[in-house]
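Given the structure of chain S, go ahead and fit chain X onto it with the hints provided.
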Amino acid sequence: MTTQPHSRKRVCYYYDSDIGNYYYGQGHPMKPHRIRMTHNLLLNYGLYRKMEIYRPHKATAEEMTKFHSDDYIRFLRSIRPDNMAEYNKQMQRFNVGEDCPVFDGLYEFCQLSAGGSVAAAVKLNKQASEICINWGGGLHHAKKSEASGFCYVNDIVLGILELLKYHQRVLYIDIDVHHGDGVEEAFYTTDRVMTVSFHKYGEYFPGTGDLRDIGAGKGKYYAVNIPLRDGMDDESYESIFVPIISKVMETFQPSAVVLQCGADSLTGDRLGCFNLTVKGHGKCVEFVKKYNLPFMMVGGGGYTIRNVSRAWTYETSVALGVDIANELPYNDYFEYFGPDFKLHISPSNMANQNTQEYLEKIKTRLFENLRMLPHAPGVQVQAIPEDAINEESDNDDKADKDERLPQKELDKRIVPDNEFSDSEDEGEGGRRDNRSYKNRKRPRLDKTTESKEEEKPKEEVKSEKSEESSKTSSDDTTTDTG
Amino acid sequence: MTANMYRVGDYVYFETSSTFPYQIRRIEELNKTPSGNVEAKVMCFYRRRDLPSQLIQLADKHQCALDETNGSPKSDVSLCSDQLGPKQRHQMKHRELFLSRQVETLPATHIRGKCSVTLFNETEALSSYLNKDDMFFYCLVYDPTQKTLLADKGEIRVGSRYQCDIQQLLRDGESDGRELAETEALVWTPNHNLSDRQIDQVLVVSRSVGTFARALDCSSSVKQPSLHMSAAAASRDITLFHAMDTLHRHEYDLANAMCSLVPSSGPVLCRDEMEEWSASEANLFEEALDKYGKDFNDIRNDFLPWKTLKNIIEYYYMWKTTDRYVQQKRVKAVEAESKLKQVYIPNYNKPNSAALNNNKGVLNGNSNGTGADPAVALGTKACESCNVTSSTQWYAWALPHMQCRVCEQCWAYWKKYGGLKMPTRFGDSVDFDGSAKKRSGSDIEDDKGMGHRPHRCNIGGCAKEFKLKAHLGRHYATAHGIAVRAGSPRPVMKTRTAFYLLTTPLTRLSRRLCRHLMKPKHAARCPSYVINLQAVKQECAVQMANKTHEELQQLLLYCKRNRGSVTAIATRLGTLLPDAATPQWLLLTNKTLLPQPDVVAFPKPPKAPDGSLMYERVPNKPDADKIPVNNMSPSLKRRAYEEMNGIDSSCLNAPPAKRMSKEPMPISRHPVASSALPGTGPLAGNTALSSNADQYQMMMAAAVQAHTPAGLSGPMPRQVAQVNGKPKIAQMTRSGSGRKQVISWMDAPDDLYFKATEHSKKIRRQISSVELRRAARKPWRYFKTRLDEPPVVVLD
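Here the protein sequences come in this chain order: S and X.
First residue of the first sequence: 951, per the numbering used here; consecutive thereafter.
First residue of the second sequence: 7, per the numbering used here; consecutive thereafter.
Think of the hints as simulated: they come from the structure by calculation, not from any bench.
Just so you know, not all the hints are guaranteed correct.
[As the list claims (entries may be wrong)] No farther apart than 27 Å at their CA atoms in a straight line, the calculated lysine-lysine pairs in the BS3-like style are these:
#1 Lys326/X <-> Lys1292/S
#2 Lys597/X <-> Lys981/S
#3 Lys421/X <-> Lys981/S
#4 Lys297/X <-> Lys981/S
#5 Lys1170/S <-> Lys159/X
[Stated by the list, open to error] Examples of chain S residues toward chain X, derived with CB under 10 Å:
#6 Arg1005
#7 Ala1035
#8 Tyr1037
#9 Lys1039
#10 Gln1042
#11 Arg1043
#12 Tyr1057
#13 Asn1075
#14 Leu1114
#15 Tyr1116
#16 Thr1140
#17 Asp1160
#18 Pro1297
#19 Gln1303
A virtual CB, placed ideally from N, CA and C, is assigned to each residue, including glycine.
Excised from the complex, chain S in its bound form (with noise of 0.2 Å):
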């Protein structure tokens, strides 16, 4: 599959202003408020003003059940703090009570992140949006017919089960501290929805993730886990990140992909053990953007809240392709960033515990399950090298495009002597470069991805590698000329 640099896309954002008062209980972690100041920061960022904000509906009570158990749907329905008495065995069954606790307006906060990602859901189908936002969703955890992990109703899977409608096969990417086990559950035995969750295991909630749980009868191959040990930092979680998820795109060729970006697998996080900055949890998303596939990011995790919303902001800029101040703005929860109101967090001095021999080994281990997959082509694949991510893509897109290119942009444009396209430029002058093979890659199309970006077609030619070898060959020119 192809990535492509960052392009401007549009963007559509669900946020209800209710849903930062929903409030869990006195000394419970999770915080819906760090949706509400996400939102905050989104507005004096400017970002708001870039993208379609929505209100999204409260999902129903018929959509929920679309996955969970109608005895299930109606307890949450029912359930409210002075009548918790009544409900004692149902609490039991349904897991709710502890983790999980009931709070006033519990439903409706279910409804208002369900709705969310069945919005977003719906938007991508009806093509009216290419990244669907929804920070209120993301809550992983929840099964079929139980309440886990603080979430109650699996907005991701009413999300996945509506994509299916119009995707033969839907990828889920789960980049919270936790398993992502309610999605994993959910689609354990088919084959049309692929998760894959990067996520602490050993000693930690919930329990499941195993290197060795790939799925079940049609499912079999289709549930990937790696499983991570204390200390994730940037480096070590792209050199995992990258190649697995290329991997999967390559082999699974999925045609819309949700990412889960649960922030408790930031540095700092009040339950979780890794080490990412707000900026390598956010290459994550970059990453998966380049692939142009129709793409729903939810929020998830994150018990910092501070770093929750850091990292939220950053993950829409992200997706909106504008780069923002690393200042953070004022705005009513400025005083929770201190002390220093800065947009990026800096790793602790903890220690890895993940060595890069061990990433190697369980990398092995999930390139031998993928290969088992029917998509696989049949030669050995090499693993894509990690030059996907491509720092200076961001320029493309502050050139005006009525100017005149700048000379930087056309000398980026170079077509090689063995490319045939029919790229605008081409008889500008017939400039050829003469630069030795050996660092050539093809820049590789994708038929779906130009069809789409017709409106901009100067962008399509270059994709990511042919900058990047462009850049390493221009050194060589000069070295084997001269």
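Leaving out everything else, chain X in the frame of chain S:
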């Protein structure tokens, strides 16, 4: 340095016994005890040798299964079972640990280094652990109380009750009947003709309108007396969101949108919870937060029933941005100081008691002499583990009479991994308990020996066995109520089960009759005093024989001795005081007589007309440094509590008190001349009850005087100001439901209301300010007014 820094979450070696291998623990918490020591709350990992034998078999079986699943020829994992030599297989067993959910507390000074414990992943070669020092792995979880060994793993369940039904892919052109209009409502779209700059302008206009609206609004102008405050309030996000919504509603038409900001009813005013709340409501909230924590339901029910839960939650999150919250957090931070993040433990280098000093005191000299004897005997023996014959230091291994010794390296290995490098003639699990030495209950204090021998409870008839001494200790404490100190100084005693002693009539009789034998007073003071029960029984029998039934019954009746009430005693003792005059050395030296410094480094600032000191305001450092983002003026940066919360009209001068009772009560027990008070007949000479209002006013007058000696020219004292406070606090209010609710005063002491009468004022004037001040400092002191009447003490 960093090597000796131990943080929460680190895996560490703990030494609880010098001759035993280290224990492996993970630090969960580090707490500073009042005595300054650091205690570590740790999660226990068990070694193979700590497991009961039947479980070891289970662990072995699991190991085999693990090997088989990994036996795929391609992966290098298969190394672990087949290609490992017997030596490696032996050593591998030392690297396997068993996680337990048990938590214990150990002194942090017993930490002896870091190690690393990871959940075993089947992609890894076992040998990778052997090659690195201090690396352990675990797969299974050991429950020491249930004696079970389980895999630490959840499961994904399969079945129609867990998976979802997936709808077929729709065919081309087929619709699912979903309408976007049903699932979402557009609030903002970027597809409009406005430039960024124009949107910014609208935002500025809306803020300006908001500022103006606040100027017009009565309640706002009281809360935000300065323009800055109004502007800050008008710049809150709610105004901005409203402006964006307005723009969208008017289809991004600037003119229409701006016009709608100033409808005929006046400029639009958007206020969020932060602004909506009055200062008194805010105070109530803080008080409630103090009392209930963040239980907002309770807070609402008992303190702020006129607010909705959502109001309160929204307010709470905004309140957290104020400096009030920071203050509270500081208080909490002080409390949390005992919780440490990391601790520095220097390398431990005291000689080990098992070290043999056969090297003629070169290295460790005469440690403590325990090793002396075996050292002689062991003279020529080779290392039990690696057969080396020369080492800088030898250690006695196993029991003395077995005369085994190990070299320095092997000793370190033994301490860390709990075994010898090589399988020995004793086998692996034999270790120290090969001896036939009988273990009686009395030698539980003995630390040495007995690796696997269970610790048996030696209380008669109990004989329960325990794996660890700590467990035995706990058993002693809980079951038998005996505190046995285990190796660690951790208090093993838990709360004892409560007991109830039911005395029989005979017992009670014997107590009365044999008082001389039992010496109850003495026994109460010395619990270890032994009462000779035989003698008591005999004596009792003899005495009882002499008594009639009636007499005995009389003895059994309990009669309380009347010593009078504590109050009476206190009062009686109090009356003695005036006789003892205050000694000279207790009187304060006159200020003018005190030595004066030549230079005053920090002279007092000038006094304001009201007597208060006028300090120059020094801006906070961060205030000045911060650069405004979002075209805010710097003055809007930090919210002072008052700024955000507003000031109530009633008390512009002083912060309103939450309740008057918060102030210390100088009035109680304050003797005041009360001669002229009608109807206060001195009770018991000097005690009168303040049921009389007039008298109470007296007290208040004295109190007020004591506070503001200059009279009432200064700010209104709190008690008085509160009377004018918002009616909400003190009165009945109606919540939305129309239900009457009493706002509770909680634990307030009796409320006081003071009204000065002509008479009390007169008396007050007669008291010199020096006298008053002294009286305030020494409430117990009598002081005489010119009227010189019998004093009155008022008890509250």
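Do the hints match the structure? See the list:
no. : hint                   : in the structure
1   : Lys326/X <-> Lys1292/S : holds (19 Å)
2   : Lys597/X <-> Lys981/S  : violated (58 Å)
3   : Lys421/X <-> Lys981/S  : violated (46 Å)
4   : Lys297/X <-> Lys981/S  : holds (22 Å)
5   : Lys1170/S <-> Lys159/X : holds (19 Å)
6   : Arg1005                : holds (5 Å)
7   : Ala1035                : violated (15 Å)
8   : Tyr1037                : violated (18 Å)
9   : Lys1039                : violated (18 Å)
10  : Gln1042                : violated (17 Å)
11  : Arg1043                : violated (12 Å)
12  : Tyr1057                : violated (15 Å)
13  : Asn1075                : holds (7 Å)
14  : Leu1114                : holds (6 Å)
15  : Tyr1116                : holds (6 Å)
16  : Thr1140                : holds (6 Å)
17  : Asp1160                : holds (6 Å)
18  : Pro1297                : violated (15 Å)
19  : Gln1303                : holds (6 Å)
Violated hints for the displayed structure, listed by number in ascending order: 2, 3, 7, 8, 9, 10, 11, 12 and 18.
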